[in-house]
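S.K.: Following the hints, complete the assembly by docking chain B onto the known chain A.
These are the residues of each chain, in order.
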Amino acid sequence: MIEINDLQKVYGKKVALSINRLNIREKEFVGLVGNNGAGKTTMLSLILDLIEPTKGFVKSKGMMVSESDDWKNYTGSYLNEGFLIPFLTPFEFLEFIGNLHGKNRAEVTNFLKENNSFFTEEVSSKKYNRELSAGNKNKLGILASFLPEPEILILDEPFSNLDPSSQSWLKSKLKKLNEEGVTILISSHDLKHVTEICSRILLLENGTIIKDTNTNTETLVELENYFNV
Amino acid sequence: MFKIVIICGRQPLTSINMINLLIHHWKEKQRSPFWQKSIALNIILGILCLYLLLNVLALSFFADKIIQETYKGRDVVETFTGLLFYYFSFDLVIRFLFQQLPTLSIQPYLTLPIKKSKLLHYPLIKSGSSFFNIVAILILLPFFIKVVCATHSFPFCFAWIVALFSFIIANNYLNFLLKKYFAKRPLLILLLLAFVGLFIFFDIAKIVSCSSYFSAILIYLANTPFLIIIPVALAALTYYLAYFLLKKNSYVEDKLTDKRRNADSFLFLKRFGEIGDLVHIEIKMILRNKRPKSLLYFSLIFLAYGFMFYKKQNLDNYLLLSFVGVLMTAMFALNHGQFMFAWESSFFDSFMTKKISPYNYVKSKYLFFTVLCLLSFIVSLPYALISYKIGIINVSLLLYNVGVSSFILIFFGTYNSTRIDLGKSQFMNYQGIGATQFLLILPIMGIPVLVYLLFNLFDIPQYSFYVLGILGIIGIAFNKYLLQLVTDQFIKRKYKMAYGFRQK
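These protein sequences, in sequence, are chains A and B.
Sequential numbering of the first sequence, starting at 20, is according to the numbering used here.
Sequential numbering of the second sequence, starting at 14, is according to the numbering used here.
Just so you know, nobody snuck in bad clues.
Here are the simulated DSBU-like cross-link-like pairs (lysine-lysine), alpha carbons at most 35 Å apart as the crow flies:
#, chain 1, residue 1, chain 2, residue 2
1, A, Lys33, B, Lys368
2, B, Lys493, A, Lys122
3, B, Lys139, B, Lys159
4, B, Lys517, B, Lys192
5, B, Lys505, A, Lys32
6, B, Lys505, A, Lys122
7, B, Lys303, A, Lys122
8, B, Lys306, A, Lys145
9, B, Lys368, A, Lys194
10, A, Lys190, B, Lys517
11, A, Lys192, B, Lys283
12, A, Lys194, A, Lys78
13, A, Lys194, A, Lys46
14, A, Lys80, B, Lys493
15, B, Lys192, A, Lys146
16, A, Lys146, B, Lys193
Among chain A residues calculated to face chain B with C-beta under 7 Å, some are:
#, residue
17, Leu67
18, Phe102
19, Phe115
FYI, nobody ran anything at the bench for these hints, they're computed from the structure.
Glycine included, every Cβ here is placed at the ideal spot set by N, Cα and C.
For reference, chain A alone in the conformation it holds in the complex:
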């Protein structure tokens, strides 16, 4: 599904990311862990063609992400606030994204209703996105990434700023999507979450993948040992 080949991103003299080969297969649920500055966001940004690789390439369904826009049709993503349009209301924003994927207003309203236990801000809200709390911004961005019914889902720290019930909602939602066949790539600082839901874990350190393993009962302990100082 996603194929990374000899990928490198260098800022000045610092190598932010260097991945020789990585293949994310269809229906995999990959968790990306690593300390701050390990290169998680850089890797996600490269997959989303937001930054230009210094070397190498990323392919999505066999097509280079930097040369074809096809991946945008089936990829849902949310990295940070910059993905929200600040002066729209949440509903207008979702409607805009829905329209891009051929969904009409009724479908978007329906979608919001289905997920109303997650995003509680009312549909008729007069608030603009820029006025939402950090948690609600995060929720809105995540919902917007679900809306196009993507085949690939890429989320940067989706659990941050979320209240406990939203976290557990999101966990089961992601699991369900994955069971329905969605390929998922998330980064997280919460080791319990990732080991609980992900089928494969990538551990990044200083821009390189130092551990690539399928999740089993020992993974959590191993990771905790790595991160303990």
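M.R.: Chain B alone, transformed into the frame defined by chain A:
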């Protein structure tokens, strides 16, 4: 007893002084990416300011000569004081329009052990060093030293200067109050302007001579020095009113307006699919954000410049007509379009990962540019009443703008990668303005000049407009090809733009 000790014990904590805040303010300015990126622009602005100040200085220094020439036989000091009435009225209006209140973003400090009053006094005191106050002092001081001190007693001089300085201070803080009260009531601003205008009119028409009253009062004050307590008290009063106003507004609160947000306007755009949606977003962006909105208001004011140029004696100056014509038929479009993709800077990443084809994105920009051109053309249409010539010329220049300027603007717009803060006003705001803007305007204005020069060689400059119109029609006819061309350029530049837009 205990309480007192505790309070004393906390004292060192609260004694972070103004100097610290001043340093933070300086760092905020100096470390803003805008300052760091456009040093050249700031130097130019600095030189302009210096030039202005020198003029003011000279004016004040030679004020006595000027007054003797213009108002023969009148007392120089008295006349000068009277003229200051105009100055203070004018000063207040200009301050209201242009003076920005130095606000250190107060939020991070509110929970720190710093006395709140200090945080509030700081911006007030800091505003004392504003450019407008420097101008005021430069207007007063040379005249004061050269004329007033030379001819009057010490108590008179002292009272005169203290009273006038008090007026400057009062104006400074009065502006603060006016801004807070009137900022959201544009009708009242007009009323205020009318009020000031009325006084000046009364004065000129010699119905009620405000300036001579002003002068008489001040001279009386200066002759009875203990009365200077009145202007000093006035200055102090405005300061404290401003202080209390600020205090009332210092709570970090979610100020949600109950205004209905008309989400369903412009629904007809839906019919145009993705491009319609993108144009819709751009319209909402303008309506809901201060910077793009105020920029369009400014454009409306600039359109009035036509009255300055479209005069009988200029109607055969084809170079001028083409210059002004290009501006008149694209005023909104050029002003708004100069930032092109930077308008999306705060959510550019979103656009880059969503299912939006770059071609459609660029095309939506082109269509919106065209709409704005049409709008400027329609608003400036009444100028054709001055001469039918203006009408014909502007039609061909409209074609030129839609068919040529648009593509130039979009093409060079990809070189603008400075983030724009949508929430700031356009007044004296140079964020996002740089070398790109000069790059943009050069070819847009240059092509008409070249065509004019060419036709002038053959002594038929009046035909140059037809050529510009034809160029425009060619551009419109080949718009698909040209759009593809600028889209390719956009794709080439998108990483650089996205990187620039992420820098806050």
